[in-house]
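Novice: Chain by chain, the residues:
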Amino acid sequence: MQNGGEYLLELDHITRRFLSVTALKDVCLKLKRDEVLAICGENGAGKSTLMKILSGSDSFGNYEGTIRINSQPMRFRSTKDAENAGIEMIYQEISLHLDLTVAENLFMGALPATKWKTVDWRRMIKDAYEYLQNVGLHVDPRQKVKTLSTSQQQLLSIARAIAKKPKILVLDEPTSALTQTEAENLLRVIKDLKARHVSCLYISHKMDEIFQIADRVTVLRDGEHIADYAACDVTPKKLVEDMVGRKIEVLYPKQQAHIGEEILRVEDFCVPHPYMKDRNIVDGVSFGLRRGEILGIAGLVGAGRSELLNAIFKAQEDGVSGKVWLEGKRIDGLSLRGIKESGIGYLTEDRKRNGFIAGAAIRENIVLASLSKIVRGGLIDHKAERQYATEYFRKLSVKAPDIETPMFHLSGGNQQKVVLAKWMMTDLKVMFFDEPTRGIDVGAKTEIYRLISDMANQGIGIILVSSEMPELISMCDRFLVLSHGKFRAEFTKDNVSQEKIMKAATLVEEN
Amino acid sequence: MNSHSKKSKLSQLLQRFDQLGIVLVLIVLMVAVGFKNSTFYSWDNIINVLRSTSFIFIIGIAITYVLITGGLDLSVGSVMAMAGILSAMTAQAGAPLLVSILCGILFGFAIGLINGILVVRMNIPTLIVTLGMMYVVDGLVLIVTKGSPIYPLPDSFKALGQGSILGVPNIVLIALVLALIGAFVLHNTQYGRCVYAIGGNRETARLAGIHVNAIQMSVYVLASVSASLGGILMAGRLNSAQPSAGSGYELTVVAAVIIGGTSMFGGSGSIFGTLLGALLMTVIENALLLMKISAYWQSLIVGIIIIFAVGLDQYRRKKYGMG
Amino acid sequence: MKKRLFTLFSLLLAAAMTLSACSGQTGNGSADSSENDNTSEGLKITFVSPLLGNPVWLSAKQGAEDAAAEIGASVTWVGPSDIDMDEQVRQIELAITEKVDGIISCPLSPAIFETVYADALSKDIVVINTAVDTREDTRTAYIGTDYVNFGEQAARNLAEQLGGEGEIAVLVTSLDTENQMSELKAGEDLLAREYPDVKIVVVETSNSDTAQAANKTSAMIDTYPELDAIWCLESTSPLGVAQTLQERNMLDQILVLGIDDTDDVLDLIDQGLIWGTMTQDFYKMGYESVKMIKTVKDGGTVDSVQDSGTTLVTKDNLEAYKSRF
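From first to last, the protein sequence lines stand for chains Y, X and U.
Going letter by letter, the first sequence gives residues 1 to 511 in our numbering.
Going letter by letter, the second sequence gives residues 1 to 323 in our numbering.
Going letter by letter, the third sequence gives residues 1 to 325 in our numbering.
Simulated from the structure, these hints should not be mistaken for lab results.
Even glycine gets a Cβ: it sits at the ideal position worked out from N, Cα and C.
Among the hints, a few may not be true.
[To be verified] Subject to a maximum C-alpha distance of 25 Å in a straight line, what follows is the list of computed BS3-like cross-link-like pairs (lysine-lysine): (1) Y:K206 <-> Y:K237; (2) Y:K329 <-> Y:K373; (3) Y:K445 <-> Y:K206; (4) Y:K277 <-> Y:K486; (5) Y:K352 <-> Y:K445; (6) Y:K329 <-> Y:K429; (7) X:K292 <-> U:K199; (8) Y:K164 <-> Y:K115; (9) X:K146 <-> U:K322; (10) Y:K194 <-> Y:K32; (11) U:K185 <-> X:K292; (12) U:K199 <-> X:K36.
[Unchecked claim] Every beta carbon over 12 Å from chain X, so not counted as near; a handful from chain Y, in silico: (13) N70; (14) K167; (15) Q180; (16) N185; (17) E261; (18) K395; (19) N495; (20) K503.
Full structure from sequences and hints, please.
Specialist: Now the structure itself:
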């Protein structure tokens with residue numbers, strides 16, 4: 001049943017230029033039958049351009065080089081072409097029709113029809129069960145997609161792709177929106193696909209995932225092909241070094257800061273549950289934070305960690321109660337603006353949604369929260385603005401041509417650095433971080449960690465919320481585990497462990 | 001993708017010039033019509049074009065602000081008519097010029113405030129709020145006038161709309177001054193920066209401590225007040241306040257603003273672009289007439305030219321946006 | 001939105017036309033009417049006007065009352081104070097329950113009136129349309145301005161005034177306003193037949209916006225330097241045209257013919273800013289309507305459609321026109 005040579009898919013010397021910028025330079029890539037090939041590289045390494053060419057969605061379509069499937073040269077002019085050739089894509093961002101049912105999404109474009117050409121619902125539901133089973137997704141096909149969790153939606157995307165019986169499945173960082181357990185489930189599904197003779201291109205920069213599922217690894221950097229490895233022959237450290245192009249000494253460059261007196265005090269804090277009426281998601285918690293301390297708040301997704309930070313920062317006010325002191329002064333009566341002015345910064349979980357302005361320049365984003373520093377009598381002092389922006393642009397070594405570059409041109413890591421720069425420019429006393437390294441490549445992660453550590457060194461009190469256990473454990477001085485509305489455990493870094501935190505986080509309320 | 005090749009300063013400048021397409025189309029149009037009929041360049045015709053542009057542009061300046069915040073205001077046409085009528089009526093009743101102008105402006109202020117409050121506090125989509133307001137104000141116009149114009153107006157009122165300085169009509173001068181102020185505020189003040197930020201990402205702006213509600217409300221007030229001013233000037237110019245004044249302006253103005261490159265989704269836009277948009281609209285209309293193109297063909301051609309001009313800019317943006 | 005405003009406008013315009021053309025030399029009307037020798041006495045007639053306070057309809061009312069006095073009938077004058085067709089329909093229903101002999105109205109939007117008209121006809125009530133007509137089988141008779149006649153007369157007046165030679169520009173609301181387009185067509189045909197040296201050189205739209213009329217006028221006189229006259233087929237234009245001509249100092253070079261007799265139009269004539277206006281004869285509409293009801297009630301027949309004629313008002317007959325009541 002197989003014709004052609006050893007390779008199912010070959011990319012031969014692919015080069016793609018956008019005007020003066022070369023996004024891909026002479027990239028060669030070979031995918032064998034029934035294997036998972038991981039493509040890793042930092043953002044901007046050319047992965048997404050490669051994806052676009054493969055999926056036929058590169059609107060200009062003028063790349064150099066050849067794509068061969070089963071040794072047959074192919075050229076995709078539209079996504080339809082790519083699909084016909086047996087290539088299916090799973091994107092980082094989920095593209096489902098939220099208001100339609102699971103089954104409709106599964107068969108979108110190819111709804112099973114009865115002999116009267118109406119939609120054959122019974123068959124559709126039945127088939128849907130089967131496809132959902134394949135990916136281990138146990139939901140009712142008649143359910144609306146918007147009622148599914150993010151990971152369920154991601155699984156559904158995969159089920160939908162498999163329903164088209166592809167030969168090659170291309171996955172672009174499919175786990176970036178998932179929690180650890182959800183991600184593991186997904187990886188298991190991908191491993192199973194091999195058995196169904198579906199080969200996978202798995203694009204990621206998460207080392208643990210790559211080593212769990214990949215047979216081989218290809219590293220890209222700055223649009224160039226750097227190396228090919230069999231997964232069993234290479235170490236994560238070597239891969240990371242290939243990706244960033246230099247030796248990484250320490251992933252978590254945490255320095256021990258001097259921990260001073262208490263700067264933030266929270267007492268009897270309650271936050272109502274966003275979906276359930278008459279229930280508090282955070283139910284009467286109290287804690288303190290000291291200068292120079294990094295306090296980690298652990299917990300499962302949905303435990304109320306973000307809600308807690310939101311409410312202290314006054315980003316969400318309805319129904320919140322409790323007392324907050326900053327340097328001994330009550331601040332819970334202030335507005336969001338007042339809280340910000342008094343010295344609290346908040347790097348939110350979803351930077352795209354409320355962290356930065358995508359259409360604006362780096363400069364505008366950096367000064368956004370400190371307009372008072374660059375404004376004299378209502379007028380913007382453009383020179384001061386450029387000076388400030390340049391100062392932070394350099395200090396955080398944001399990778400971009402200049403401070404006028406629009407944010408949407410930047411990689412996730414650089415965007416996050418700009419968001420951080422925005423808060424650093426305000427006179428910070430306390431900084432909240434909510435998942436600061438989500439969707440960011442390894443190189444940039446380390447830089448963010450260094451910046452957090454530096455801030456603590458300057459005596460800023462820091463609260464870090466993260467679902468990435470290694471990150472949390474390496475960075476924090478103290479840990480609080482939030483579960484069912486209350487802190488269930490407290491650890492210091494001397495007695496903490498991943499298991500202890502998980503145990504406390506999954507603790508069921510006793511009574 | 002961040003390697004930067006060296007380009008000449010000029011070509012870089014052209015690349016960043018968002019409205020190059022419109023400018024080119026304008027130039028081609030102006031040269032073409034000049035060949036066909038040189039009266040296009042007569043002082044009278046230039047004044048005529050500038051004057052019609054000014055009415056669109058005065059309101060366009062404020063609508064640019066509204067669109068940059070990601071909003072929309074469809075009530076400006078009706079507000080124009082009503083403000084003109086109120087001012088004309090008070091002027092007819094013998095009130096001093098300043099008082100009658102103030103009357104119209106205050107009306108605009110009130111309508112803008114209501115629009116703003118409904119949008120910000122009640123969270124009703126701007127399209128619905130301002131569409132509703134358009135009907136309401138239209139209704140007021142009919143109730144007050146019974147459909148007939150307020151006519152004639154006192155001389156002082158006429159002088160306002162018909163007067164000129166060194167041959168340039170007042171309205172054109174007023175538009176010029178407002179444009180300079182509008183552009184200055186947008187680019188050089190904290191307020192202008194906040195307007196952009198809100199349209200760029202409202203949540204981000206809010207979390208950065210910007211008074212998003214107050215600023216959003218203010219742009220609706222600006223829009224209504226400038227519509228009032230436009231309505232009053234128009235009444236002066238026509239020596240009568242017509243109940244039909246400003247009809248269709250809500251769309252013409254929004255079209256001019258969007259043609260000028262202001263995003264319908266907020267976050268970007270410029271007063272200069274709006275000026276070009278307004279100019280393009282009036283120049284096309286004027287040019288077609290001067291080129292003796294039958295009225296039956298005009299709409300078709302206007303549509304093609306607009307799509308072509310904006311399409312050219314979109315294409316360029318897409319092409320250079322990749323780099 | 002534009003569409004909506006536009007509809008509103010056409011309505012207002014229809015109203016204005018209807019309402020406004022109050023020409024109607026009284027004498028004329030009475031002369032026509034005297035032919036009725038009446039037998040029946042005390043006919044009850046309701047005149048449902050589309051807009052109570054409007055001067056145009058007031059002249060129709062005058063006509064109806066004059067005719068009623070002659071034949072000893074009584075006319076009740078009702079209608080909404082704002083354009084409100086529902087209210088108009090309610091007034092007609094009321095008249096039906098009062099068992100009047102005849103109803104006179106102006107069905108601004110014909111379809112809305114057909115049901116209530118059918119009801120009236122079935123109860124033997126005579127229904128007369130003025131200014132705007134419904135389908136022929138839905139009413140007894142119609143009297144109003146005949147578009148063809150109106151267009152021809154306007155064109156003829158212009159041509160005569162121009163001395164049989166010249167260039168005319170036309171301003172209409174839009175190219176799909178039906179009555180204006182038929183008037184224009186009739187005018188064009190007449191010129192082609194009888195005054196071949198008078199040419200319509202351009203037709204432009206104003207959207208019933210005075211400001212646009214002003215702008216277009218400026219461009220038109222630049223484009224057609226030989227232009228001799230501007231013919232406005234909608235009533236908000238003359239003001240804008242005059243405004244521009246004044247600004248450009250061309251009042252004595254270009255002849256302007258307006259439409260209807262709104263205050264501003266008459267004022268423009270008075271000040272010598274425009275030459276004249278074509279008015280519709282609302283007095284006659286009212287007068288003849290009453291007479292027709294009588295004829296029908298007496299067992300006679302009337303023409304299904306009657307033209308009420310138009311009158312040219314210029315500075316020469318302006319005073320007479322204004323004091324015609």
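Novice: Please work out if K194 (chain Y) and K32 (chain Y) have their alpha carbons no farther apart than 25 Å.
Specialist: 11 Å, holds
Novice: Has the given pair, K445 (chain Y) with K206 (chain Y), been kept, meaning a C-alpha gap of at most 25 Å?
Specialist: 12 Å, holds
Novice: Taking the shortest Cβ-to-Cβ distance between N185 (chain Y) and chain X, state whether it exceeds 12 Å.
Specialist: N185 (chain Y) clear of chain X: closest Cβ-Cβ about 31 Å, beyond 12 Å.
Novice: Against chain X, does E261 (chain Y) keep a CB gap of more than 12 Å to every residue?
Specialist: Per Cβ check, E261 (chain Y) is outside 12 Å of chain X; nearest 27 Å; holds.
Novice: For the pair we were handed, K352 (chain Y) and K445 (chain Y), check the Cα-Cα distance against 25 Å.
Specialist: Given that 25 Å is the threshold and the Cα spacing comes to 17 Å, the pair holds.
Novice: Hey, is K503 (chain Y) genuinely clear of chain X, shortest beta carbon separation above 12 Å?
Specialist: Holds, since 34 Å exceeds 12 Å.
Novice: Assess, step by step, whether the Cα of K146 (chain X) is no farther than 25 Å from the Cα of K322 (chain U), and give holds or violated.
Specialist: 22 Å, holds
Novice: Since K395 (chain Y) was said not to touch the interface, does its Cβ keep a gap of more than 12 Å from each Cβ of chain X?
Specialist: 19 Å, holds
Novice: With a cut-off of 25 Å on the C-alpha distance, tell me whether K206 (chain Y) and K237 (chain Y) pass.
Specialist: At roughly 12 Å apart (the allowed maximum being 25 Å), K237 (chain Y) and K206 (chain Y) satisfy the hint.
Novice: Compare the distance between the alpha carbons of K277 (chain Y) and K486 (chain Y) with 25 Å, and conclude whether the hinted pair is satisfied.
Specialist: Distance of about 18 Å is within 25 Å: holds.
Novice: Within 25 Å, alpha carbon to alpha carbon, are K199 (chain U) and K36 (chain X)?
Specialist: The hint holds at about 22 Å.
Novice: Between K164 (chain Y) and K115 (chain Y), does the CA-CA distance stay at or below 25 Å?
Specialist: Holds - the C-alpha atoms of K115 (chain Y) and K164 (chain Y) are around 22 Å apart, at most 25 Å.
Checked against the numbered hints above, the structure breaks none of them.
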